[in-house]
Amino acid sequence: MLDAGDGMKVIKREKTFDFAAFNLDRLIELVDIYAPPKEETPMADFIEPLLAKYCEFTNRDAIGNVYAFRRGDPSAPTVLLSAHQDTVLYPPQDKYYIVQNGYLQLNIDLLERDRYTGNIRSVVLGGDDRCGIEIILSILETYDGPLNIKIILSTREEIGGEGISEVRRDFFQDIRFGLVLDRKFSGDIVTSIERQMLCTKKLYQHVLQSGIRTNVKDLRETVGSYSDAYFLSKRLKVDCVNISVGYYQPHTSLERIDLYAFNNCVRWVKEILESYSWNESKGLQEIDSKVR
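Just so it is clear: in the sequence shown, position 292 is 292 by the working numbering, and no numbers are missing.
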(Lines of atoms letter the chains of each structure in order from A; the text may use other names.)
(Lines give C-alpha, C1' and ligand atoms only; values in the text may rest on other atoms or scores of the structure.)
Protein backbone atom coordinates (compact mmCIF):
# COMPACT_ATOMS: atom_id res chain seq x y z
CA MET A 1 0.00 0.00 0.00
CA LEU A 2 1.34 3.42 -0.95
CA ASP A 3 0.49 6.55 1.00
CA ALA A 4 0.25 9.64 -1.22
CA GLY A 5 -0.53 11.96 1.68
CA ASP A 6 -2.03 12.07 5.16
CA GLY A 7 -5.09 9.83 5.22
CA MET A 8 -4.88 9.22 1.47
CA LYS A 9 -4.15 5.64 0.41
CA VAL A 10 -3.26 4.36 -3.02
CA ILE A 11 -3.59 0.58 -3.07
CA LYS A 12 -2.13 -0.06 -6.51
CA ARG A 13 -0.38 2.25 -8.88
CA GLU A 14 0.98 1.53 -12.34
CA LYS A 15 4.25 3.18 -13.32
CA THR A 16 4.33 2.45 -17.03
CA PHE A 17 2.88 5.72 -18.31
CA ASP A 18 4.16 9.23 -17.76
CA PHE A 19 1.17 11.54 -17.34
CA ALA A 20 3.40 14.40 -18.39
CA ALA A 21 0.80 17.15 -18.69
CA PHE A 22 -0.42 17.09 -15.09
CA ASN A 23 0.46 16.14 -11.51
CA LEU A 24 -1.09 12.77 -10.67
CA ASP A 25 -0.28 12.95 -6.96
CA ARG A 26 -1.97 16.33 -6.73
CA LEU A 27 -5.03 15.06 -8.59
CA ILE A 28 -5.35 12.28 -6.01
CA GLU A 29 -4.99 14.85 -3.22
CA LEU A 30 -7.78 16.89 -4.78
CA VAL A 31 -10.26 14.01 -5.06
CA ASP A 32 -9.48 13.03 -1.48
CA ILE A 33 -10.66 16.36 -0.04
CA TYR A 34 -14.18 16.15 1.37
CA ALA A 35 -16.06 19.24 0.16
CA PRO A 36 -19.77 18.76 -0.57
CA PRO A 37 -21.99 21.80 -1.21
CA LYS A 38 -21.76 24.44 1.54
CA GLU A 39 -18.69 22.69 3.00
CA GLU A 40 -16.07 23.74 0.44
CA THR A 41 -13.72 25.57 2.85
CA PRO A 42 -11.15 22.71 3.00
CA MET A 43 -10.94 22.76 -0.80
CA ALA A 44 -10.50 26.54 -0.96
CA ASP A 45 -7.85 26.36 1.76
CA PHE A 46 -5.94 23.78 -0.28
CA ILE A 47 -6.24 25.57 -3.61
CA GLU A 48 -5.55 29.21 -2.77
CA PRO A 49 -1.84 28.78 -1.85
CA LEU A 50 -1.30 26.84 -5.09
CA LEU A 51 -2.96 29.57 -7.15
CA ALA A 52 -0.97 32.25 -5.34
CA LYS A 53 2.31 30.84 -6.73
CA TYR A 54 1.32 31.96 -10.23
CA CYS A 55 -1.37 34.60 -9.81
CA GLU A 56 -1.21 38.29 -9.03
CA PHE A 57 -4.06 37.90 -6.57
CA THR A 58 -6.39 35.30 -5.14
CA ASN A 59 -9.35 35.81 -2.85
CA ARG A 60 -12.74 34.38 -2.00
CA ASP A 61 -16.15 35.84 -1.36
CA ALA A 62 -18.67 35.26 1.41
CA ILE A 63 -20.13 32.16 -0.23
CA GLY A 64 -16.68 30.65 -0.80
CA ASN A 65 -16.12 31.24 -4.53
CA VAL A 66 -12.38 31.53 -5.23
CA TYR A 67 -11.12 34.18 -7.68
CA ALA A 68 -7.62 34.46 -9.13
CA PHE A 69 -5.86 36.46 -11.81
CA ARG A 70 -2.72 35.54 -13.70
CA ARG A 71 -1.36 38.66 -15.41
CA GLY A 72 0.04 38.38 -18.91
CA ASP A 73 0.78 41.04 -21.50
CA PRO A 74 -1.25 44.19 -20.75
CA SER A 75 -2.21 44.44 -24.42
CA ALA A 76 -3.34 40.79 -24.68
CA PRO A 77 -6.93 39.56 -24.23
CA THR A 78 -8.22 38.13 -20.96
CA VAL A 79 -9.68 34.63 -20.85
CA LEU A 80 -11.54 32.76 -18.12
CA LEU A 81 -10.96 29.25 -16.75
CA SER A 82 -13.82 27.87 -14.67
CA ALA A 83 -14.34 24.81 -12.45
CA HIS A 84 -16.26 24.08 -9.26
CA GLN A 85 -15.00 23.05 -5.83
CA ASP A 86 -17.84 20.88 -4.55
CA THR A 87 -18.89 17.31 -5.17
CA VAL A 88 -22.33 15.85 -4.70
CA LEU A 89 -23.21 15.26 -1.06
CA TYR A 90 -22.20 11.93 0.47
CA PRO A 91 -21.39 10.85 4.05
CA PRO A 92 -17.67 11.23 4.80
CA GLN A 93 -15.57 8.08 4.81
CA ASP A 94 -11.99 7.01 4.16
CA LYS A 95 -11.37 6.44 0.46
CA TYR A 96 -8.78 4.17 -1.10
CA TYR A 97 -7.57 4.53 -4.66
CA ILE A 98 -6.37 2.37 -7.51
CA VAL A 99 -4.35 3.68 -10.45
CA GLN A 100 -4.41 0.89 -12.99
CA ASN A 101 -4.86 0.38 -16.74
CA GLY A 102 -4.92 4.12 -17.29
CA TYR A 103 -7.71 4.83 -14.78
CA LEU A 104 -7.92 6.42 -11.36
CA GLN A 105 -10.81 4.96 -9.39
CA LEU A 106 -11.96 3.96 -5.93
CA ASN A 107 -11.12 0.56 -4.52
CA ILE A 108 -14.66 -0.78 -4.30
CA ASP A 109 -13.64 -3.65 -2.01
CA LEU A 110 -12.59 -1.23 0.74
CA LEU A 111 -15.59 1.10 0.67
CA GLU A 112 -17.89 1.21 3.67
CA ARG A 113 -21.07 -0.87 3.46
CA ASP A 114 -24.42 -0.70 5.18
CA ARG A 115 -24.35 -3.12 8.11
CA TYR A 116 -27.84 -4.44 7.34
CA THR A 117 -28.07 -4.55 3.53
CA GLY A 118 -24.40 -4.92 2.66
CA ASN A 119 -24.76 -2.23 0.00
CA ILE A 120 -21.96 0.26 -0.57
CA ARG A 121 -22.60 3.52 1.25
CA SER A 122 -23.06 6.55 -0.97
CA VAL A 123 -19.67 7.84 -2.13
CA VAL A 124 -18.04 9.38 -5.21
CA LEU A 125 -14.48 9.59 -6.49
CA GLY A 126 -14.75 13.35 -7.09
CA GLY A 127 -13.43 13.69 -10.61
CA ASP A 128 -16.45 15.95 -11.06
CA ASP A 129 -14.96 18.49 -10.79
CA ARG A 130 -11.52 18.04 -9.29
CA CYS A 131 -10.41 17.25 -12.83
CA GLY A 132 -11.21 20.83 -13.80
CA ILE A 133 -9.24 22.21 -10.87
CA GLU A 134 -6.16 20.11 -11.66
CA ILE A 135 -6.27 21.26 -15.29
CA ILE A 136 -6.25 24.89 -14.16
CA LEU A 137 -3.31 24.30 -11.82
CA SER A 138 -1.40 22.45 -14.57
CA ILE A 139 -2.04 25.29 -17.03
CA LEU A 140 -0.78 27.89 -14.58
CA GLU A 141 2.41 25.88 -14.14
CA THR A 142 3.17 25.49 -17.84
CA TYR A 143 1.52 28.26 -19.87
CA ASP A 144 3.93 31.13 -20.54
CA GLY A 145 2.01 32.94 -23.27
CA PRO A 146 0.73 36.52 -23.30
CA LEU A 147 -2.92 35.94 -22.39
CA ASN A 148 -4.25 37.27 -19.10
CA ILE A 149 -6.08 34.49 -17.26
CA LYS A 150 -8.93 34.92 -14.81
CA ILE A 151 -9.99 31.92 -12.73
CA ILE A 152 -13.26 31.24 -10.97
CA LEU A 153 -13.67 28.17 -8.77
CA SER A 154 -17.29 28.19 -7.70
CA THR A 155 -19.13 26.62 -4.80
CA ARG A 156 -22.49 24.84 -4.62
CA GLU A 157 -22.55 23.95 -8.32
CA GLU A 158 -24.06 20.57 -7.50
CA ILE A 159 -27.14 22.17 -5.92
CA GLY A 160 -28.19 24.30 -8.83
CA GLY A 161 -25.26 26.67 -9.26
CA GLU A 162 -25.85 28.70 -6.11
CA GLY A 163 -22.20 29.74 -5.98
CA ILE A 164 -21.84 31.07 -9.52
CA SER A 165 -25.09 33.00 -9.16
CA GLU A 166 -23.54 34.98 -6.28
CA VAL A 167 -20.23 35.92 -7.92
CA ARG A 168 -18.89 39.47 -8.13
CA ARG A 169 -19.99 40.49 -11.59
CA ASP A 170 -17.29 43.09 -12.13
CA PHE A 171 -14.73 40.25 -12.18
CA PHE A 172 -16.20 39.03 -15.47
CA GLN A 173 -15.86 42.23 -17.46
CA ASP A 174 -13.67 42.32 -20.55
CA ILE A 175 -13.31 38.54 -20.89
CA ARG A 176 -12.67 37.44 -24.47
CA PHE A 177 -13.84 33.87 -23.90
CA GLY A 178 -14.25 31.28 -21.17
CA LEU A 179 -13.52 27.57 -20.82
CA VAL A 180 -15.66 25.71 -18.32
CA LEU A 181 -13.85 22.49 -17.38
CA ASP A 182 -16.71 20.37 -16.09
CA ARG A 183 -17.96 17.88 -18.68
CA LYS A 184 -17.80 14.10 -18.46
CA PHE A 185 -16.27 11.85 -21.13
CA SER A 186 -13.66 12.81 -23.73
CA GLY A 187 -14.07 15.27 -26.57
CA ASP A 188 -17.45 16.83 -25.80
CA ILE A 189 -17.77 20.52 -26.63
CA VAL A 190 -20.97 21.79 -25.02
CA THR A 191 -22.25 24.79 -26.99
CA SER A 192 -25.79 25.02 -25.60
CA ILE A 193 -27.71 24.27 -22.40
CA GLU A 194 -31.49 24.40 -22.15
CA ARG A 195 -31.68 26.28 -25.49
CA GLN A 196 -29.18 28.86 -24.22
CA MET A 197 -26.45 29.25 -26.84
CA LEU A 198 -23.14 29.52 -25.02
CA CYS A 199 -20.63 30.54 -27.63
CA THR A 200 -19.82 32.15 -30.96
CA LYS A 201 -18.94 30.15 -34.04
CA LYS A 202 -15.41 31.44 -33.79
CA LEU A 203 -14.90 30.05 -30.31
CA TYR A 204 -16.43 26.68 -31.16
CA GLN A 205 -14.26 26.31 -34.27
CA HIS A 206 -11.17 27.35 -32.37
CA VAL A 207 -11.81 24.81 -29.59
CA LEU A 208 -12.60 22.09 -32.14
CA GLN A 209 -9.48 22.70 -34.22
CA SER A 210 -7.34 22.81 -31.08
CA GLY A 211 -8.75 19.40 -30.12
CA ILE A 212 -7.96 17.98 -33.54
CA ARG A 213 -4.36 19.20 -33.30
CA THR A 214 -3.92 17.55 -29.88
CA ASN A 215 -5.55 14.25 -30.92
CA VAL A 216 -8.46 14.48 -28.49
CA LYS A 217 -10.66 11.43 -28.94
CA ASP A 218 -14.37 11.54 -29.78
CA LEU A 219 -14.56 15.26 -30.54
CA ARG A 220 -18.14 16.40 -31.02
CA GLU A 221 -20.42 19.36 -30.48
CA THR A 222 -23.22 18.58 -28.04
CA VAL A 223 -25.99 19.94 -25.82
CA GLY A 224 -25.16 19.84 -22.13
CA SER A 225 -26.90 19.48 -18.80
CA TYR A 226 -26.63 22.27 -16.24
CA SER A 227 -23.17 23.62 -15.47
CA ASP A 228 -21.78 27.01 -14.49
CA ALA A 229 -21.46 27.69 -18.22
CA TYR A 230 -25.20 28.37 -18.33
CA PHE A 231 -24.99 31.27 -15.88
CA LEU A 232 -21.74 32.58 -17.34
CA SER A 233 -23.35 32.82 -20.77
CA LYS A 234 -26.91 33.84 -19.91
CA ARG A 235 -26.30 36.27 -17.04
CA LEU A 236 -22.68 37.36 -17.35
CA LYS A 237 -22.55 37.34 -21.18
CA VAL A 238 -19.31 35.36 -21.33
CA ASP A 239 -18.61 33.64 -24.67
CA CYS A 240 -17.86 30.14 -23.38
CA VAL A 241 -17.96 26.38 -23.86
CA ASN A 242 -17.94 23.48 -21.42
CA ILE A 243 -15.50 20.75 -22.44
CA SER A 244 -14.88 17.16 -21.39
CA VAL A 245 -12.23 16.56 -18.76
CA GLY A 246 -12.07 12.77 -18.66
CA TYR A 247 -14.28 11.61 -15.80
CA TYR A 248 -16.93 8.93 -16.28
CA GLN A 249 -20.02 7.79 -14.31
CA PRO A 250 -20.06 10.86 -12.06
CA HIS A 251 -22.15 10.92 -8.89
CA THR A 252 -21.66 7.17 -8.36
CA SER A 253 -19.21 4.90 -6.52
CA LEU A 254 -18.12 3.64 -9.97
CA GLU A 255 -16.86 7.06 -11.03
CA ARG A 256 -13.44 6.89 -12.67
CA ILE A 257 -10.98 9.20 -14.39
CA ASP A 258 -9.53 8.10 -17.71
CA LEU A 259 -6.00 9.40 -17.20
CA TYR A 260 -5.11 9.18 -20.88
CA ALA A 261 -8.16 11.29 -21.81
CA PHE A 262 -7.47 13.64 -18.93
CA ASN A 263 -3.85 14.07 -19.98
CA ASN A 264 -5.02 14.94 -23.49
CA CYS A 265 -7.52 17.42 -22.10
CA VAL A 266 -4.76 19.34 -20.31
CA ARG A 267 -2.86 19.50 -23.59
CA TRP A 268 -6.10 20.55 -25.34
CA VAL A 269 -6.69 23.48 -23.02
CA LYS A 270 -3.08 24.60 -23.35
CA GLU A 271 -3.36 24.43 -27.14
CA ILE A 272 -6.58 26.47 -27.04
CA LEU A 273 -4.72 29.21 -25.17
CA GLU A 274 -1.46 29.08 -27.08
CA SER A 275 -2.98 28.95 -30.55
CA TYR A 276 -5.46 31.71 -29.69
CA SER A 277 -2.53 33.95 -28.77
CA TRP A 278 -0.94 33.22 -32.14
CA ASN A 279 -4.19 33.77 -34.03
CA GLU A 280 -4.75 37.09 -32.31
CA SER A 281 -1.30 38.24 -33.35
CA LYS A 282 -2.29 37.52 -36.97
CA GLY A 283 -5.28 39.81 -36.63
CA LEU A 284 -8.15 37.39 -37.10
CA GLN A 285 -11.56 39.07 -37.11
CA GLU A 286 -14.22 38.34 -34.52
CA ILE A 287 -17.27 36.37 -35.68
CA ASP A 288 -20.32 37.48 -33.76
CA SER A 289 -22.90 35.01 -35.01
CA LYS A 290 -24.00 32.31 -32.57
CA VAL A 291 -23.53 28.59 -33.07
CA ARG A 292 -26.56 27.06 -34.75
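Mixed in with the good hints there might be a few duds.
Listed next, the in silico BS3-like pairs over lysine-lysine satisfying Cα-Cα at most 25 Å (straight line) [what the hints assert, rightly or not]:
#1 Lys-184 - Lys-202
#2 Lys-270 - Lys-201
#3 Lys-234 - Lys-184
#4 Lys-184 - Lys-217
#5 Lys-201 - Lys-184
#6 Lys-234 - Lys-53
#7 Lys-201 - Lys-237
#8 Lys-234 - Lys-202
#9 Lys-237 - Lys-184
#10 Lys-38 - Lys-201
#11 Lys-237 - Lys-202
Label pairs and their calculated CB-CB ranges [unchecked claim]:
#12 Arg-115 - Leu-254: 19 to 27 Å
#13 Pro-91 - Glu-166: 35 to 43 Å
#14 Lys-53 - Pro-74: 18 to 26 Å
#15 Glu-141 - Leu-254: 29 to 37 Å
#16 Val-223 - Glu-166: 24 to 32 Å
#17 Ser-122 - Asp-61: 24 to 32 Å
#18 Tyr-260 - Arg-168: 36 to 44 Å
It should be emphasised that the hints constitute simulated quantities derived from the structure, not laboratory data. Predicted model only: the values in this text are computed from it and were never measured. All residues carry an ideal CB built from backbone N, CA and C; glycine is no exception.
Structure-based check of each hint:
1. Lys-184 - Lys-202: With a Cα-Cα distance of about 23 Å, the restraint between Lys-184 and Lys-202 holds, given a limit of 25 Å.
2. Lys-270 - Lys-201: Given pair Lys-270, Lys-201 holds - Cα atoms ~20 Å apart, limit 25 Å.
3. Lys-234 - Lys-184: The hint holds at about 22 Å.
4. Lys-184 - Lys-217: Within the cut-off at roughly 13 Å; holds.
5. Lys-201 - Lys-184: Since the Cα atoms of Lys-201 and Lys-184 sit roughly 22 Å apart, the hinted pair holds (cutoff 25 Å).
6. Lys-234 - Lys-53: Measuring from Cα to Cα gives roughly 32 Å; hence the hint is violated.
7. Lys-201 - Lys-237: Holds: Lys-201 and Lys-237 sit about 15 Å apart, inside 25 Å.
8. Lys-234 - Lys-202: Answer holds: Lys-234 to Lys-202 is near 18 Å, not above 25 Å.
9. Lys-237 - Lys-184: 24 Å, holds
10. Lys-38 - Lys-201: With Cα atoms ~36 Å apart, Lys-38 and Lys-201 exceed 25 Å; violated.
11. Lys-237 - Lys-202: The hint holds at about 16 Å.
12. Arg-115 - Leu-254: 19 to 27 Å: 22 Å, holds
13. Pro-91 - Glu-166: 35 to 43 Å: Hint violated: Cβ distance 27 Å, outside 35 to 43 Å.
14. Lys-53 - Pro-74: 18 to 26 Å: 21 Å, holds
15. Glu-141 - Leu-254: 29 to 37 Å: 31 Å, holds
16. Val-223 - Glu-166: 24 to 32 Å: 26 Å, holds
17. Ser-122 - Asp-61: 24 to 32 Å: The hinted range 24 to 32 Å holds for Ser-122 and Asp-61, with Cβ atoms some 29 Å apart.
18. Tyr-260 - Arg-168: 36 to 44 Å: The hint (36 to 44 Å, Cβ to Cβ) holds, given that Tyr-260 and Arg-168 are roughly 37 Å apart.
The structure does not agree with the numbered hints 6, 10 and 13 stated previously, though it agrees with the rest.
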